[in-house]
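Same order as they appear, the protein sequences are chains A, B and C.
Just so it is clear: in the first sequence, position 83 is 83 by the working numbering, and no numbers are missing.
Just so it is clear: in the second sequence, position 84 is 1084 by the working numbering, and no numbers are missing.
Just so it is clear: in the third sequence, position 23 is 2023 by the working numbering, and no numbers are missing.
Misleading hints may appear alongside valid ones.
[Said to hold, decoys possible] Derived, one-sided and incomplete: chain C residues facing chain A with beta-carbon distance under 10 Å:
#	residue
1	G2067
2	A2070
3	A2072
4	V2079
5	R2086
6	T2098
7	A2101
[As the list claims (entries may be wrong)] Which residues of chain C face chain A? A partial, calculated answer using Cβ under 7 Å:
#	residue
8	T2074
9	A2075
10	G2077
11	Q2080
12	P2082
13	F2088
14	T2092
15	E2095
16	L2099
17	W2102
18	T2103
Derived by calculation from the structure, the hints in this document are not laboratory data.
No residue lacks a Cβ here, since even glycine has one placed at the ideal position from N, Cα and C.
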Amino acid sequence: MTWELLASILIIGLTNGLIISLVALGYTMVYGIVELINFAHGDLVMLGSFLALTCIALSGVHGDGSWLTIGALLVVVPIFTAAVNWAVERFAYRPIRSAPKLTVLVTAIGVSFVFVNLGLFWGGLPLDAFGGGRAAAAAKDVPELIGYANLLGAGCPIRITAKEILVVGITVPLLLGLTWFVRCTRLGTAMRAVAQDPVAARLMGIDVDRIISTTFVIGGALAGVAAVIWCVFNNTVFFTMGFRIGIDAFTAAVLGGIGNLPGAVLGGLLIGLVRALCEGAIDGGGQWVNTAVFAVLIAVLVFRPTGLLGARVREKV
Amino acid sequence: MKPLWWIGLVALLAVPLLDLLLPASWQIAGAMPKVFVFAIAALGVTVATGWGGLLHLGSAAFLAIGAYTYAVLTAPVFPFAIGFWPGLGAALVAGAVTGVLLGLPTARLRGDYLAIVTLGLGEIIQDVMRNLEPITKGAQGLSSLPGPAVPFAPPDAGWPGFYLYLGLLLAVVALLSRMRRSRLGRAMVAVREDEIAARCCAVDAGRTAVVAMAVAGALGALAGGLWAALYHSSNDPSTYDFSMSIMILGIAIIGGLGSPIGALVGALLLGGFSLVVLDRLATAMGGSVSDNVLMQPNNWKFLVYGLALILVMRLRPGGLCEEPKG
Amino acid sequence: MLEVTALRAGYRPIEVLHGVDLHVAAGEIVCLLGANGAGKSTLLRALSGLIPTIAGTIRFLATDLAGVPAHARTARGLVQVPEGRRIFSRLTVAENLTLGAWTRTDDTSADFDRVFTLFPVLAERRRQAGGTLSGGEQQMLAIGRALLARPKILLLDEPSMGIAPLLVERILSAIAELNRGGLTILLVEQNAEAALAIAHRGYVLETGAIALSGTAAELRADPRVRAAYLGGSGKKDGPEKTG
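Make the full structure from the sequences, and use the hints.
What follows is the structure, given as structure tokens:
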């Protein structure tokens, strides 16, 4: 393998990994605090992407250098996904919070299916960007918002475009900011406290319901950011995309040790790299990407069941 | 059994007779065997998740294994062509072996981690079936497979298949009802309720989990073999996707997780809805397939599943026919 | 300050408390004695709002607490140090204390200082994870954390459980000291001798109902208490009660 190929594989892997990390954080935060695999989280990214495409289509502002559009989307879409996630927690998960885990998990799967179906209906809206609504299930193209010009110069064998810069420029500060928020602020400390012992947290006067809501809102907003970046980076949305994204992100969260924020980022980057290596470095490897991702996951779980950075939690006897 | 079950059973047996009275586009006996296949697969989840407490999100993988085992061993393009019954038997064995192979390394993973591993298996199997072209014929799948063979029955009639599949399903239900009361069944439930306490009673929790996975694998693969026979084809590998696994899980849960009769009821409700009612509705609405996404019955499927799961979990978390405590 | 009337509470189908009457006046240490399973912890949980009340009333500072959620009770000054301490083991000592002050919006630095003077060991270990402390230190942290909520009444659930005897004395004397500073305390203890040594009054809870009540001296002298909770002899008196 040439070093140019390796470098571009690394660039693709790490940028995709950062997007996965954003979604994985939503999984891991929610899991850390309510021990629920929020199956609907990937589909929330899908709904956010449909909103982003709808906004682009309705405003008609796109083409190379539409930074203002991206900025506006980064406000509108996260607010929407955060609100949806808040509502899901409030109306679907909270009423059954003390029920057995399986009950809540099945509810989450139910929510995921509802989202997928809403995405299908959304894709059927009679908009030009959606193919006039004639093929609801078909993938929709997202208009370019940034160009493909190689920032390292047209002749350089390694490609870095404004898209990669955008991904890194948004996700890295966000990941650092979130880590700081959870580690160092009062609210973040309260979130960690609720994750450890909700009863003791209530005795401290912490409104556990509000902390859980906050967690879903933050996770939802991150999903919204991921949705916008997805649209800009991949230029396509389809109603089943949430499943694929969700699987990658959830795998990343488990890989890093579910409940562990830096672990989710590490897991996301690893999954991104594994995918990119499998696609780019192995002949015919593109067909085996999912297998490679899961093989890594299963190996980690078998040899280190709590993930790479997961705490070894003793089970209460 | 309660009288209600008997009435239900008789009604089920009478479905092919009912069809004689209905116009062709409203006949349902032909579609019912698919529902029975889903019920058998759901019974695998009943054992793994309902009894063993192993959250199983990869049932479709076992269906795929069963369908392809059956397909490879019976397809005319290969030299084996062992026929319907031996093919089914082979599918069953392949499923059980896969279940054991999956269970051995993962039996000590509990709950959510096992869920993600079974889910992963579901994705991997699709990749494998799609990519091993020489054996599986890739995206087309293997076709021209022998259908269900019922001795002494006219080959083209619909009812022999109906009664054959129903008979197999009822046999599995009866077998599982016995198994639930056996030492093994009680051991599985004991591990689910409290693994540490069960270990203290000398129950080998790891082995119990492997057995649960093996039974689930065998039933899933049996369902897969029956599915392939029904379509005379292994189908496209992406048939066996996550939504199929979830439909099977949903069937097991809506009826009442852990209860074999519950899986049957769940299959009649969810499977009946998606495979029979929606299908008939679409046919009834005829060729005037509208561009409007809302006007196609199949486009409402996931919404109905999703809401059904949410509502059942909220209002009746034990399922519609909850297994009595104790 | 705290008035409980005909309280019935429990865990879903099972009722544990079958009509408990109890009151704590401002400035008192009241101890609640009883065997395992008598319902002591259930009573504290009901007082804190962690489990719902089936019937009866809980009045705190002359207002009915019915419908007031657990976190709001803490904000009103009814603060519990739960059984088994339940400190946040992966959070640092300082973070644990900060969470104690969660409901406060005023300056808490004076209260931090007070906790650190009361339990100097916490000041030494403020950067350590709570889980690395010894049992006794964790109990100090749990009490310190509760103090930062600026309680009007402190409910203590078995502060001596699983703690080295030397530290039990240290913790009980700290409780007495807090009381001298004006804090009202409801103390649940199995170690009846130690509890009666610092309490003014006490109740004995048996199978979900108050079986006996009286001043600490009366309870110490009661033959039933001596037989059941004070190891039979009752000859040895604890240190003179304070305050």
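Taking the hints in turn, this is what the structure says about them:
The beta carbon of G2067 of chain C comes no nearer than 15 Å to any beta carbon in chain A, farther than 10 Å, and the hint placing it at the interface is violated. The criterion of a C-beta within 10 Å of any C-beta in chain A is met by A2070 of chain C, whose closest approach is roughly 4 Å, and the hint holds. Interface restraint check: A2072 of chain C against chain A, minimum CB-CB distance 8 Å, threshold 10 Å, status holds. Below 10 Å, beta-carbon pairs count as interface contacts, and V2079 of chain C has one with chain A at about 7 Å; its hint therefore holds.
The beta carbon of R2086 of chain C is positioned within 10 Å of a beta carbon in chain A (closest approach about 4 Å), and the interface hint is therefore held. For the restraint placing T2098 of chain C at the interface with chain A, the shortest Cβ-Cβ distance is roughly 6 Å, inside the 10 Å limit, so the hint holds. The beta carbon of A2101 of chain C is positioned within 10 Å of a beta carbon in chain A (closest approach about 9 Å), and the interface hint is therefore held. Evaluation of the T2074 of chain C hint against chain A yields a held restraint, the C-beta minimum of about 3 Å falling below 7 Å.
For the restraint placing A2075 of chain C at the interface with chain A, the shortest Cβ-Cβ distance is roughly 5 Å, inside the 7 Å limit, so the hint holds. This hint is violated: G2077 of chain C has a C-beta 10 Å from the nearest C-beta of chain A, more than the 7 Å allowed. Residue-level restraint check for Q2080 of chain C holds (minimum Cβ-Cβ distance to chain A is 5 Å; threshold 7 Å). Interface restraint check: P2082 of chain C against chain A, minimum CB-CB distance 6 Å, threshold 7 Å, status holds.
Because the beta carbon of F2088 of chain C sits about 5 Å from the nearest beta carbon in chain A, less than 7 Å, this interface hint is met. A cut of 7 Å between beta carbons decides the hint on T2092 of chain C: the least distance to chain A is about 9 Å, and the hint is violated. Checking E2095 of chain C against chain A by beta carbon gives a least distance of about 5 Å; that is within 7 Å, so the hint holds. Restraint check, L2099 of chain C versus chain A: the minimum CB separation of about 5 Å is within 7 Å; hint holds.
For W2102 of chain C, the shortest C-beta to C-beta distance to chain A is roughly 5 Å, which falls under 7 Å, so the interface hint holds. Proximity of T2103 of chain C to chain A holds as hinted, the smallest CB-CB distance being about 4 Å (cut-off 7 Å).
Checked against the numbered hints listed earlier, the structure breaks hints 1, 10 and 14; every other hint is satisfied.
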